[in-house]
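J.: Note that our numbering numbers the sequence shown so that position 180 is 180, with each residue one more than the last.
It is worth saying that the hints were derived from the structure and are not from the lab. Only a predicted model underlies this, so the values are computations on that prediction, with no experimental measurement involved. One should not assume that every hint holds.
[As the list claims (entries may be wrong)] Listed below are the simulated EDC-like cross-link pairs for lysine to aspartate or glutamate, each with C-alpha atoms no more than 16 Å apart in a straight line:
#, residue 1, residue 2
1, K144, E183
2, K180, E75
3, K180, D138
4, K87, D97
5, K144, D97
[Unchecked claim] Here are the computed distance ranges between Cβ atoms for each label pair:
#, residue 1, residue 2, range
6, T146, F119, 40 to 48 Å
7, G85, I37, 50 to 58 Å
8, S187, D69, 31 to 39 Å
9, E75, E32, 15 to 23 Å
Backbone N, C-alpha and C fix where the C-beta goes; we use that ideal spot for every residue, glycine too.
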Amino acid sequence: MSLLPEDASASSTLFPDTVHVAEIPSTEPAVEVASAIAEFEAAKADVASLSSTAADKDVEAAPVSDRFDLQDFLEGGVRKAAEAGVKRQHLGVTFRDLTVIGEGADASSIATLVTPFVFVAKALNPVNWFSHASRGTDFNIINKATGYVKEGEMLLVLGRPGSGCSTFLRVLANERDSYKSIEGTVSYGGISPQGM
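Required output: the full structure, derived from the provided sequences and hints.
T.: See the structure below:
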């Protein structure tokens, strides 16, 4: 049996560096499908019995070696919050003309041994006392986005890397400190971002 294609000579002339694989005799016996399936089913049953015999579904009290189950974790958190008397909040989010302005990469610099001396020289120079030089170029990360998410709905934001998806989600989650300016209105069920 040969693994060479029928037109191997044609491919050799087109691609002279191509290595063709010839038949390699096997010294190992062929795989026995029936025994392999039986082994797989036995392993599958062992794993299923381990996960179904867990007596305690409390994730925090479970041994470290147990596998993490997100659904159990979330249900346990909701259950504990309900037992503690915490009422779940359902809020919709609306945003109108949301514009996020950030600083460019030219705003940051790497500190060196000379940096403290440059800082002192700039601080002692009277020209720098009155100048309002910006640290970097400003640019719009998000420009006039408008929309809403109803309570109980999930928002999926898709975009290429660098397109502002993470920025958009951070601003909607009210994490605003790392941006130069945020314009437009965001409302969480009628509550302003400052009231959250």
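J.: With a cut-off of 16 Å on the C-alpha distance, tell me whether K87 and D97 pass.
T.: 32 Å, violated
J.: Is the straight-line distance between the alpha-carbon of K180 and that of E75 16 Å or less?
T.: With a Cα-Cα distance of about 38 Å, the restraint between K180 and E75 is violated, given a limit of 16 Å.
J.: Given the hinted pair K144 and E183, is their alpha-carbon gap at most 16 Å?
T.: 9 Å, holds
J.: K144 and D97 were given as a pair; does the straight-line alpha-carbon distance stay at or below 16 Å?
T.: 4 Å, holds
J.: Is the distance from the Cβ of G85 to the Cβ of I37 consistent with 50 to 58 Å?
T.: 52 Å, holds
J.: Is the Cα-Cα distance between K180 and D138 16 Å or less?
T.: 8 Å, holds
J.: Just tell me: holds or violated, for the beta carbon distance of S187 and D69 against 31 to 39 Å?
T.: 35 Å, holds
J.: Note whether the CB distance of T146 and F119 lies within 40 to 48 Å or breaks it.
T.: This hint holds: roughly 43 Å between Cβ atoms.
J.: Is 15 to 23 Å right for how far apart the beta carbons of E75 and E32 are?
T.: Distance hint for E75, E32 is violated at roughly 43 Å.
Hints 2, 4, 9 from the list above are not met by this structure, while the remaining hints are.
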